[in-house]
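Participant: Sequence:
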Amino acid sequence: GHLVAPCGQGWNGRGCAVCGLSQQPQSKQGRTEPHVPSLPSMWLAEAWENADGKYISPFHDIPLFAGSKEDKEIPAKRSKTTGSEVLFNMIVEVPRWTNAKMEIATEEPLNPIKHDIKKGKLRYVANIFPHKGYIWNYGALPQTWEDPNHTDKITGCCGDNDPIDVCEIGSKIRSSGEIVQVKVLGVLALVDEGETDWKIIAISADDPEAQKIHGKYIDDVKKHKPGYLEATLDWFQLYKVPDGKPENHFAFNGEFKDKDFAVEIIKSTHEHWKALLHKKVDGGTIKCTNVLVSGSPFCCSDEDARSIVQSAPAFMNGDSVSPEVDSWYFFPK
505 GHLVAPCGQG
515 WNGRGCAVCG
525 LSQQPQSKQG
535 RTEPHVPSLP
545 SMWLAEAWEN
555 ADGKYISPFH
565 DIPLFAGSKE
575 DKEIPAKRSK
585 TTGSEVLFNM
595 IVEVPRWTNA
605 KMEIATEEPL
615 NPIKHDIKKG
625 KLRYVANIFP
635 HKGYIWNYGA
645 LPQTWEDPNH
655 TDKITGCCGD
665 NDPIDVCEIG
675 SKIRSSGEIV
685 QVKVLGVLAL
695 VDEGETDWKI
705 IAISADDPEA
715 QKIHGKYIDD
725 VKKHKPGYLE
735 ATLDWFQLYK
745 VPDGKPENHF
755 AFNGEFKDKD
765 FAVEIIKSTH
775 EHWKALLHKK
785 VDGGTIKCTN
795 VLVSGSPFCC
805 SDEDARSIVQ
815 SAPAFMNGDS
825 VSPEVDSWYF
835 FPK
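Per our numbering: the sequence shown = residues 505 to 837.
It cannot be assumed that every hint is accurate.
Said to hold, decoys possible - Computed beta-carbon distance windows for the label pairs:
id: 1; residue 1: Asp806; residue 2: Glu713; range: 32 to 42 Å
id: 2; residue 1: Asn757; residue 2: Asn653; range: 25 to 35 Å
id: 3; residue 1: Glu768; residue 2: Phe633; range: 30 to 40 Å
id: 4; residue 1: Trp832; residue 2: Asp620; range: 18 to 28 Å
id: 5; residue 1: Cys662; residue 2: Pro750; range: 15 to 25 Å
id: 6; residue 1: Trp832; residue 2: Ser805; range: 48 to 58 Å
id: 7; residue 1: Glu697; residue 2: Phe633; range: 21 to 31 Å
id: 8; residue 1: Gly698; residue 2: Lys625; range: 22 to 32 Å
To be verified - Straight-line distance between alpha carbons at most 20 Å, and here's what the computed EDC-like set of lysine to aspartate or glutamate pairs gives:
id: 9; residue 1: Lys622; residue 2: Asp656
id: 10; residue 1: Lys727; residue 2: Glu759
id: 11; residue 1: Lys636; residue 2: Asp738
It should be emphasised that the hints constitute simulated quantities derived from the structure, not laboratory data.
Each residue gets a CB set at the ideal place from its N, CA and C atoms; glycine is no exception.
With the sequences and hints as input, model every part of the structure.
Facilitator: This is the structure in C-alpha cells:
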C-alpha cells in the first residue's frame, strides 16, 4: 500500500511528494518524528490501488485474513513463512517511538488515516518514563469492529466503536499506513473509560524471532522478550494520566490471554464488522463506504471513490510539533 494525497501526489516511501520532506526529518532538538501535515482538516488518504487503480478503504477493503482470495488484490509484501499458521493483515497507524496519535478516521468516507484531534488540538501521546511515545508499532486489524451496542460477556462493558487495536512487537520500526502480515500471540483486555478496548499482541510474520515465539502460550513472549509485556501493561495503565484522566483498568487483573483466546476475540469483532457493513446493526456515525465488500449496501463505484479522495481538503501548513513530545512523565512504583 502507499499514501496518496488528495491532489493525487503520493508518498513514495522516502518522502512526501507534496512538500518534499523526508519521512523522518530530524529537528534541531534531535527529535525524530514521521512527517505528517498537521492541520485539523488535513487528509492523509490511505489510497491503496490495485491493478485496476481503485481507491479503497483501509478499514473495510483490506482483508482481515492474510493470504485470502481477496487479499491477492492488495499490493503488500508477502510473508515467506510456511505451514498452517493463520496470519492477519495489520494496518500500522503509529510507528514505534513516535507520539502523534494517528488513527483510521472511522467517521469519514474511505476512512483515511489522520492525526486525531480533541477540542481543536492535535493529539500526542505522552512519554511515560522510561519510554518514548508508543512502545510498539501500533495499529488495527481491518474488517473488525468493537460494537458499542454490544456488551462484552467477559468485561461487562460495551465496545469502543473502533477496529480492534494491535501492538506489533517485532524489531523493525514500521511506517504509518503500512500493511504488515502478523502472527497473533495474545491479547490484553483494557477497560478504557468504561469501554472494552482489546489490545492484540502480535509480531510481524517476517520478523527474525517470529518462528521462535509460538504464541500458543503467552509466556513465549516473556521468554524471548522479557519485560515487554510488563512494560505494555504499565504503559496502558498510565498513558492517559498526564492528560488529567484516571488510570486505566483491565479485565482478568491485567493478565494477558493466549493466542487461541485472542483469535476468538478477533473472529467475534469480525462478525460485528460484517453486521455493520451489511446494515444489520446501527453504526451511528461510522462511515461504511467501501469498494470491494461484496453485497454491502455501502459499496460504491471506483469513480465515486476517486471523487471522495479528490474532493478532500488540500494539504496546508499546520501546527508545529507539540513540545509535549520532548517531556517525560514520572510515576512512583
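Participant: Hint by hint, which ones does the structure fall short of?
Facilitator: As far as the earlier hints go, only 9 is violated by this structure.
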